[in-house]
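Go ahead and model the full structure; you've got the sequences and the hints to work with.
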Amino acid sequence: MSVRLSAHFSVLTPSDFLRRCAANPSDVFVAAAMNALPFTIYVSFAGALLALAAGTRSHFAARWIALVTALTSFALTLLAASSFVPSPGLQTIIDLPWIAELGIRYHLAADGISLTLLVLTGLAATVGVLFSWNIEHRVGEFFALYLILISGVFGVFLSADAFTMFVFYEIAIVPKYFLIANWGSPATREHAAMKLVLYSFAGSALVLAGLLWANAVAIAHGSVSSFSLNDLAAAATHFSRGEQIGLFALVFTGFAVLAGMFPFHTWAPTGHVAAPTAASMLLAGVVMKLGAYGCLRVAMPLFPVGLAFWQPTIAALAIIGIFYAGFIALVQDDFKFVIGYSSVSHMGFVLLGLAAANSTAVAGAVLQMFSHGVIAGLLFAVVGRMVYERTHTRQLADLRQLPLHRLLPFAALTFVLAGLASMGMPGFSGFPAELTILIGVWKTSPAWAFFAGGGILVAAAFTLRAIQVSFFGSTQLSPVAASASEPTHAGSPLHYEPITLAEKVGTALLLAATVYIGLKPDVLLDWITPALQSPLMQAALKGGSL
Amino acid sequence: MSLSAQYLWVIPALPLVAAAIGALTPRSGRSLVAGAAIVALALSFFISCAALSTALANPAAHLTHNFTWFELGNDTVRLGWLLDPLTAFMCTMVTFVGTLIFIFSLGYMHEDENFKQFFCFLSLFAAAMLGLLVANSLLLLFICWELVGLASYLLIGFWFHKPSAAAAAKKAFITTRIGDLGFLLGLLWLYDSAGSLLLYDNGNGVLEATALGALGSAATVCGLSVASAIGLLLFCGAVGKSGQFPLHVWLPDAMEGPTPVSALIHAATMVAAGVFLMARVYPLLTPDALQVIAIIGAITALLGATIAVAQYDLKRILAFSTVSQLGYMMLAIGVGAPSAAIFHLLTHAFFKALLFLGAGSVIHAAHHEQDIRQLGGLSVKMKLTFATFAIGTMALVGVPLFFSGFWSKEAILHAAHATAGSHFPFYAALVGVVLTAFYNTRLIAETFFGHGRSHAAEHAHENSAVMTTPLVILAFFAIALGFLGTPVYPWLQARLSGETAVHGHSLLDGVGLLVLSSGLVALGIGAGFALYGRTLRLRTKATAPDPLAIAAPRTHAFLGDRLKFDELYAATFGVVNTFLATASDWFDRSVWGGIVHFLALLGEFSGTVNREADEQGLNAGFDATSEKLRASGQAYSRAQTGDAHGYLRFLAVGFVVLALVAILGGGA
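Protein chains in written order, with our numbering: chain A, 13 to 558; chain B, 343 to 1010.
No lab work stands behind these hints: they were computed from the structure.
Owing to the predicted nature of the structure, the values given are computational and were not obtained by experimental measurement.
Heads up, some of the hints might be wrong.
Said to hold, decoys possible - Partial pick of chain A residues on the chain B-facing surface, computed with a CB cut under 7 Å: (1) Leu-218; (2) Thr-278; (3) Thr-372; (4) Ala-375; (5) Gly-465; (6) Ala-472.
Idealized CB from N, CA, C, for every residue including glycine.
Encoded structure:
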């Protein structure tokens, strides 16, 4: 086992890599850029070890190692993106036997969908480090776990073998527990971390059971044991309708837990709230996308018959989730809970797009994954880092006593812009994403689009409430002074640490991403749309009409 | 001077640049930002004039420039610019009125600490509004529609330190968004049916014969044809934006914004966007849809005028009159006279902007007093404001022959009378004429005549030229504009309908209606004077009761409470909303939370049982493998110079255990 493992992690040596590049001398750069994508995994993992090692001596070094690592992987994704030639189907990067007896392969590949999410992960990882710059407690371990999580996420988005994907999926889940339990808000962190991990593992168990069952059924139908998505999909065409329905339910539900699908969403708000800022950002920004990605990459193409059967159920749950979480967000007293539930509500749109199962809606869903990843990151950055770590309260009732827009004008502006983006205002990425989803959903069922449209209204309501109460609740510069025994002279008695450069850079990166995609969604759609034309995806999407 | 449709984007782009300058300039750069805003909008005005001259050269043409925004496999989402007389007239009006209001704001907002931000928001608004007008795609129109809504939100809530302003901003945004939802759904449906959202596209646009024919033959849903359903969904957007019943409740509250904002956004331009939208998509509207539009318009016209009778706030009276006048415009669309609607929209923009700026002048002079019970006697102290305000009022009331409102309202009445459909809108419009004359007489009497009833009113004095000059210019147009569309020579209506020839008719042809409406105006003014004008001498204190309140206290109170619409909505939608929110929250915490806790306990229990089983049975089988794992784990930890970390070890072990489970499970 271990021998095999280590062998596989050392297979893609630089010389090997160069040799592979040289195989395509005509287009070395393109090949090189694509082939470098797996290094996002390795670099993050190596960075984790380095940060851990450095952290015991120097917080400064650990931070910089984390930043350089995240930036390197972000740069690698951008490099691949810059030379990416969209084509239907996954472009294999590396494909090696891993556990030969079972046909498990270390198979990494990418298409436009994975690339979109890889870029998102790189961006979120970089920004997350910037917003964790002020962590002082066990810095090395924090960044080590953080980077392991990232490396797992990169791995999931790159896997073309269901088992490999599952392993990376687990690698991404475990560090979450420790990040929340050790660096989260003391009051709820243990409960939240446990809840999150129990949920995640329950989901994983379903996925694993589903994959093993699928493998067993495939063997029973005469196929060779394999976990490759292509092989499984080919084998699954021979499955009975009942098997397809059962398998889809297992695998989809398992992944959908992590996507925050109602009624399996309750881990998300508690987890988000208890998590340290960077972990909330990653949780909402990329980890929830892992679930949706699994649904799209594994459950849907493998079991199209099952998909067709469950479509109305998923759509109903997605729509309920949009409203249910939106309504809850409307009455939360805790600022972070508002954002936590808003994430569940927005992920409802992703799931609805998947449920509609046609190219337009699914393209919209992927766009929404990117968009929500960026916007949720911004919202959590403001609430968790800029506000909470300065005011030490997340209670809206307390925040409305503070003239926050004057004390933290940068945070106020960021939150207003992120809020607008979150409620689907044109000019930000949420608008083309939700528009595309709705156009697509309409093709499958206008009734779904009608209901879902109402969700946009609820989003506007809870976002506006949050904006007004949190930042614009008061204009009095000295609310405390009024009650304090000794009124402070000269302006504000409250003084907060000014917004740091790291925060500003992180904010600028995320804002730039949401505005850029808001104005030019075709940048991503040009990658995503061809990916949906692959035979594998088309098998799932042709069932789009009800 | 001619302008290609390709360069139409410059019109909204100029104010957008000004808004960007505003956003990037520090707080101290007041004059730079204001100057940029005014210059940009003035330049837009000149370009709009060029566009107008181009459009008028061939009024039947729809000059377009289309481009692709993004592609989705088979779906292509395209946007574009459109130049036709409707766009050109509207752009010219918006830029002209806008420029005057910007200039007025220099004086009005002079002392405000957020002066710079104000001009930044105003420019943003102007950009979005102009974008909405030049859009050749319903999607682009919708995008700009949302952005004007955003600008409106920012400007209503400009003085957000007043809780009422913050609440009003939110109310406006959410209420109009209810309508916008209908708009969005209509847009999706239209896109699904017609495959495009371009209005004109060389025969492939949704307003062109091919698409209209296809829509007309599409199946029916729930007794409505698809075309009617789409038309009505789009109309929902117009209902929200243009303050039509039943979504009119936000518009009066929007008066919490600074007065120039009320003048520009909530009187002259943005609120008319709904009317513009309906005029724009008029070819899409089926007779069924038009019937609904006419009735909603008539109800709104009546409702607004009725409620205005019993309001005390100067700006709210004007706001309800805006609601009422927008109802007239919508009614005109519904009875099949979009050109009359746009004519009224244009005249209304000038005289209502005039009235609001006049009100602003009064409020500024009277130290932000806007309760008409506290005013009075201002005609002597503010002669110029009074004279221009009176002209605006007479245009609004429709005083015959010399005032623009008379001619545009006459065009609407004429169309409503001639319609083949229900005559309810016509009679509602006639009653509205009396009420309009009545409440405006009251407004003038209470504000400008009699005694000053407060310290502020007694010490008011005329404002500076930067504020009065726009009043004079607007007053001129409040008179002059009417002559563009008299029945004798309805030039404006002809051009809007795409005709080059103007077919007028003698005034005597429709003389009955002219006399009737003039008579109704006289009746309303007479009643207003009898009730308010004559009692002014007796009322010297702000506490003196309103004569109408004495005559009919309960009706007056009910009208004063705006027919209790807000209370009704609070008691229905508000309660349902709160209930759903609270119930969901409770459910999530208690029921779901409870189930999860129960499952956790169950897990703990089975965990204990499993552990026992493990210890006794399975564990032994794993021991050998575990040894190997430990060895690799140790190698791993030696690779690090520091402490081998427990969590990482946990991770490695977990990783391998999973693989083992898979092997065992898969092999079984």
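| said: Take the shortest C-beta to C-beta distance between Gly-465 of chain A and chain B; is it under 7 Å? | reply: Result: holds, 5 Å to nearest chain B Cβ.
| Is the hint on Leu-218 of chain A kept, meaning its closest Cβ partner in chain B is under 7 Å away? | violated (14 Å)
| Does the nearest C-beta of chain B fall within a distance shorter than 7 Å of the C-beta of Thr-372 of chain A? | holds (5 Å)
| said: Does the closest beta carbon of chain B sit nearer than 7 Å to the beta carbon of Thr-278 of chain A? | reply: holds (5 Å)
| message | Next item in the hint list is Ala-375 of chain A. Is there a CB on chain B closer than 7 Å to its CB? | response | holds (6 Å)
| message | Just to be careful: measuring from the Cβ of Ala-472 of chain A to every Cβ in chain B, is the smallest value less than 7 Å? | response | Result: holds, 5 Å to nearest chain B Cβ.
In this structure, the one hint that does not hold is number 1.
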